[in-house]
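Novice: Following the hints, complete the assembly by docking chain B onto the known chain A.
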Amino acid sequence: MNVWTWAVDGWIIAIGALGALACAIPGTFLVVRRTSMLADAISHAVLPGIAVAFLLTGTRDPFFMFLGAATAGLIVTLASSSLARFARIDSGAALGIVFTTMFALGLILIVQVADRVDLDPSCVLYGAVELAPLDSTLIAAIEVPRAVLVLGGVTLLNALVALLFWKELKLMAFDPALAKTLGCRPQLMESIILGMAAATCVAAFESVGSILVVAMMIIPAAAARLFSDRLCGVIVGAMIIGIIAAVLGHWIATSLAPALVAGGRDASSAGSIAATLGALLVLCIIIAPRRGIVVRLAHRWLLTLRCAREDALGLLWRLDEDDRSVDVATLRALLVGGAEIAPLLARVALWSLVRDGRIDRGDGRATLTERGRAEGASLVRSHRLWEIYLMQRLALAKDHVHPTAMVLEHITDAALRERLAKAGGASAASSQPLADPHGRSVPPKTDG
Amino acid sequence: MTGHSPATHHTQHRAVGCEHSEKSPLSIHALTVAYHRKPVLWDIDLDVPANSIVGVIGPNGAGKSTLLKACLGLIPISSGKVSVFGKPYAQQRALVGYVPQRESVDWDFPVTALEVVMMGTFGQLGLFHRAGKRERAKACEALDGVGLADEANSQIGQLSGGQQQRVFLARALAQSAQLYLMDEPFASVDAATEQSIIAVLRRMRSEGRTVIVVHHDLETAREFFDWVILLNTRVIAAGATAQTLTHERLRETYGGRLTLLDEAAQRMQKAQLG
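So the protein sequences, as listed, match chains A and B. So in the numbering used here, spot 188 of the first sequence is number 188, and the numbers just go up one at a time. So in the numbering used here, spot 265 of the second sequence is number 265, and the numbers just go up one at a time.
Isolated chain A, as found in the complex (with noise of 0.2 Å):
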């Protein structure tokens, strides 16, 4: 276990931090826009920008390589939609071959390149971020790293674009077709989330990688969406999750990883982060509200729950309608044997109902209370609608409809029950209570 030197690790922290700030914006519109394999292409096509403007110029000035990386970029969008125009090839088929090509032709170039200046092609490709706070610069005192400069300048200028077009790249995300009849240009906007993206890939490829860059700018937006549903919320919880994967990352690959295998090497910082943004993302699918797995689970078995409630209702009403007496555990088996409930579920339903107070057992005798026979009266009349229903306007026979009613009569609210006691009334004498295609009578309205 290390432990951390703020000088270092401060730094490097903070790399992550802003490359997923510089990340959390463009990565957000790609995503809401069903787009995110435009981050992957770009991210790739930007290498060889890098290298040739490298070859060109000579040196790592940030202005060349976004100049080099914005033209690749430029190259991509263009020949992707060309190919597939005119080869009729699939578009994202397209993308796939344009971006491939793009990045093994810069894998050749700065292998090249790298024989003879410092531009090593594993840094480009995975990073060196433990390395970033080593090129500093010296700014009031204080000895910045050039990728901590590089990253917040990017940051800032996605932020700026993001406020001055906020409606416009807004508009054009979610509607382009409306955006040019009222005059936005969503080709221009297109462009602009585009040259945001390629500009954050050319920031942080040094830092976090070519590679894991596409990691910063899609993981975090993905596992905002489940959280937020509003666009400002996925970006803030996008920068939100990419900060905690920042902090988290690197502490697994400086403390956790070294511990954990024999030989006690620190892990790469940038592999760590990525790796946690997955686990992030995994984590949010469990837990997020609304679209969360546990949630989910925990809101089918509520609804299981309530169904098995009112089975047990529905049951007992009937027994006392056939003036039958039985006890918690005669009931409990005939709600095992008759309605298909599971036992633990069937135990908890008619524990829940006698605590709330719909069935007492005093003396050993499960009956309804007051309120529980209206209830299961309520029940039973949904059930034996349906069943009239059923058989007049769907022509089911008899021995058909009991099933399909015991579905329906769960989701059966007292204005559905009421606009069906009208639909199967109208054949019937009104005074007289209606009788189900068994013979029995249709409980007379208990509820309003």
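Keep in mind that the hints are not guaranteed to be accurate.
As the list claims (entries may be wrong) - Taking lysine to any residue and the SDA-like style, the derived pairs with C-alpha atoms no more than 20 Å apart in a straight line are: (1) B/K23 to B/D226; (2) B/K138 to B/E207; (3) A/K398 to A/A423; (4) B/K38 to B/K23; (5) A/K180 to B/Q124; (6) B/K38 to A/R85; (7) A/K422 to A/A395; (8) A/K180 to B/A131; (9) A/K180 to B/D106; (10) A/K180 to B/K87; (11) A/K180 to B/G73.
Derived by calculation from the structure, the hints in this document are not laboratory data.
Specialist: Just chain B now, kept in the frame of chain A:
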């Protein structure tokens, strides 16, 4: 009757040498549109009457949506001219509202109903101007106008299909245009929604606006529209509903496909015989 509507935009500028009605909200002259060089709309000539609800009716692939998109400059036109209140569309953007097909957008997009409606006001805002209280109030009013005030803060994906359609309608209302082009606003909505949508369109008409609606259902067409355009890659007929929506005209509109099918059937018959 038209009140404050189109006339005010024309008084200074009288179009010269235009044989089409200058008053017409939408005037189309010799419009031809092609997709991949294959013409899908042939030589369209139309003058839509002001202050009316107009139906565009025709079979699938007749070019109904294409007609709207061509008028709005969303797809290039091969030849011809489109004018809105006597001037080219490009100068009259602010007067024209568009309601695209519901399927044209991603309803999973993270925006609320109110935000979508506010988008209708963006055309009136300059670059760098953010939507403020006035736009919000306008959007709320528009949402209220289609009976969706309670859903203002719902994410649009949680709304039913009919509600989504009404959100689009509210967005058009917030645009405060004079001419509206709507692509199938009645598609796959229930009867109640249909009634509430037509009520909104009638209210727009009573305010002097003109609404052009791509429509599928022939049964309701007679009730909904003052004027109809029967389209099947060309204009079969256009005029007041009662005189235009006749059996013969409909047969002509929808018959193009039938004659081809008849020919195919004949060929099949021949092949069997031979």
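Novice: So, for every hint listed, does it hold in this structure?
Specialist: Tested hints:
| no. | hint | result |
| --- | --- | --- |
| 1 | B/K23 to B/D226 | holds, 17 Å |
| 2 | B/K138 to B/E207 | holds, 16 Å |
| 3 | A/K398 to A/A423 | holds, 18 Å |
| 4 | B/K38 to B/K23 | violated, 33 Å |
| 5 | A/K180 to B/Q124 | holds, 14 Å |
| 6 | B/K38 to A/R85 | holds, 16 Å |
| 7 | A/K422 to A/A395 | holds, 18 Å |
| 8 | A/K180 to B/A131 | holds, 18 Å |
| 9 | A/K180 to B/D106 | holds, 17 Å |
| 10 | A/K180 to B/K87 | holds, 19 Å |
| 11 | A/K180 to B/G73 | holds, 8 Å |
In the structure shown, a violation is registered for the earlier hint numbered 4 alone.
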